[in-house]
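Using the sequences provided together with the hints, build the complete structure.
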Amino acid sequence: MQRILAIETSCDETAAAVIDEGRHVLSNVVASQETIHAAYGGVFPEVASRQHILTIIPVVEEALTKANVGWRDLAALAVTYGPGLAGSLLVGVNTAKALALARHLPLVGVNHLEGHIYANWLRVPPNEAKEDPRFPVVCLIVSGGHTDLILMTGHGEFRSLGSTLDDAAGEAFDKVARMLDLGYPGGPAIQKAAQSGDPKAVSLPRAWLPGTYGFSFSGLKTSVLRLTREYAARGEKVPVADVAAAFQTAVVDVLVTKTLQAADEYDATEVLLAGGVAANTALRAAITEQSDRPVRYPPIWLCTDNAAMIGAAGYFAWQGGRRSGWGLDVVPSLALA
Amino acid sequence: MDVPSTPNVQTQHTVMSHSREETTALGEALGRRLQAGDVVVLRGTLGAGKTVLTQGIGRGLGVREAVISPTFTLLREYYSGRLPLYHVDAYRLAGPAEAHTFGLDEYLYGDGVTVVEWGERVEPLLPPDRLEIELVYGARGERQITLTAAGLHYAELLRGLDLPTPPTSSQIGDEEAR
Chain A
230 MQRILAIETS CDETAAAVID EGRHVLSNVV ASQETIHAAY GGVFPEVASR QHILTIIPVV
290 EEALTKANVG WRDLAALAVT YGPGLAGSLL VGVNTAKALA LARHLPLVGV NHLEGHIYAN
350 WLRVPPNEAK EDPRFPVVCL IVSGGHTDLI LMTGHGEFRS LGSTLDDAAG EAFDKVARML
410 DLGYPGGPAI QKAAQSGDPK AVSLPRAWLP GTYGFSFSGL KTSVLRLTRE YAARGEKVPV
470 ADVAAAFQTA VVDVLVTKTL QAADEYDATE VLLAGGVAAN TALRAAITEQ SDRPVRYPPI
530 WLCTDNAAMI GAAGYFAWQG GRRSGWGLDV VPSLALA
Chain B
221 MDVPSTPNVQ TQHTVMSHSR EETTALGEAL GRRLQAGDVV VLRGTLGAGK TVLTQGIGRG
281 LGVREAVISP TFTLLREYYS GRLPLYHVDA YRLAGPAEAH TFGLDEYLYG DGVTVVEWGE
341 RVEPLLPPDR LEIELVYGAR GERQITLTAA GLHYAELLRG LDLPTPPTSS QIGDEEAR
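Quick note, the sequences are listed as chains A and B, same order. Every number in this note's numbering is 229 more than the matching position in the first sequence, counting from 1. Every number in this note's numbering is 220 more than the matching position in the second sequence, counting from 1.
No lab work stands behind these hints, which were simulated from the structure alone. Given the structure is predicted, the values throughout are model-derived calculations rather than measurements. Keep in mind that the hints are not guaranteed to be accurate.
What the hints assert, rightly or not - Where chain B lies over chain A, by a calculated footprint (3+ residues, C-beta under 8 Å):
#, segment
1, 309 to 316
2, 447 to 457
3, 510 to 523
Said to hold, decoys possible - Just a few of them, taken from the derived set where beta-carbon distance is under 7 Å, the chain B residues facing chain A:
#, residue
4, H233
5, T291
6, G361
Claimed, not checked - Computed Cβ-Cβ distance ranges for the label pairs, DEER-style:
#, chain 1, residue 1, chain 2, residue 2, range
7, B, E376, A, Y460, 37 to 45 Å
8, B, V235, A, Q519, 40 to 48 Å
9, A, A564, B, A245, 28 to 36 Å
10, A, A327, B, G330, 49 to 57 Å
11, B, G323, A, Y495, 39 to 47 Å
All residues carry an ideal CB built from backbone N, CA and C; glycine is no exception.
Written as structure tokens, this is what we have:
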């Protein structure tokens, strides 16, 4: 029994979880600020950190209560120290430091992206019979702030194969949703609108960036803008569902093709999806259908930001000897590899 | 850098860009001439080319890594060029008070070049002398790019760019009427 209490506050979710042996979710508490930020069409950092301060202690207490464990049952404390919003990260890191110091627990700083990948190690329900992913794996991390293709050859061994050269995939979803007046967050809004749309009704470009594993979504965003302007200039209504479907298909096409190319090149045993955009059903369906290798992705509630994944990553890092000192500081643009 | 401050003098140039490459090239030319402490404020709707222009500025400064969207982290810092490049997206800053806690002024009055997107959100914090660039998306995908230099230092900088259109000068009093 090696239980880790994990804390995650990198963006707009205040989260704490208790994880046993890096795989079993004993509790997973997420206080979402989504409704607070929806009014602004995005996360407002100052509002976010104020909310974190208000909710962090109740969220930690609830995580312990739900897991039915006390402080003495814990082996270590894991916390996200980057990447993310500085003010938000600070609340989690300082809380974790104070708790670790007071309770004499080792502290393990975790990279948020590492956490997203390790969501694929979690068992849901806690005693679910499931094998760990076998290395090497190719993992696509897609979220509001990231689009990274990672080769993972062992625990803690990450190599970045490519990432976005401009906007993150999730950011493109948010911005296009804003252009189409679909609201925030953009991912679920576009997915819903796309359901009744025909992706072939309008044509949108794909940035393939051949010979690299880099991504670019800014040109696609601009094409959607141009399209909406053209409809407006002709006095026509924008076919929102068709544009949403065409946009989603364009993003999914590029993500899936490049990820599977990388899986072939590095002869991956498995392909993993991670991050908020991994909740997108079109992405999941397309990659599963097109891949010759097993594809694994977490359930939706472990794709979006949560602390359970930080507990999983923290456990394997702790096993590997990682210890963070009291000088642990936030790193807003922390890279994985 | 003891250029006397004359914020009431504005110099304006308008150029047309017909492609991503032209916008990048304009940014690059600017990037080669920018100096420590310079502030560039970008205006324009989503997709107008603010990030593309900033990528050009990065190239002109000699930044080696990819200049990517600062939307998620609000700020991205690049140190691999001739001068540090600070790229700020103020869209999600609730106002000047928040920008202050976030330390925006330390970047604005620092040792690098600061590029601010959605600068209108933090207007009171911006130095009176600065380069404002507005990108307007045209009917056929072309961009009308208007560069407004406030203060002599930036007027000099624009003159050095050798832009095709002759400059139009105005007094700050005209600003309200625009």
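Structure-based check of each hint:
no.	hint	verdict
1	309 to 316	holds (count 5)
2	447 to 457	holds (count 7)
3	510 to 523	violated (count 0)
4	H233	violated, 24 Å
5	T291	holds, 5 Å
6	G361	holds, 6 Å
7	B:E376 with A:Y460: 37 to 45 Å	holds, 44 Å
8	B:V235 with A:Q519: 40 to 48 Å	holds, 44 Å
9	A:A564 with B:A245: 28 to 36 Å	holds, 29 Å
10	A:A327 with B:G330: 49 to 57 Å	violated, 32 Å
11	B:G323 with A:Y495: 39 to 47 Å	holds, 40 Å
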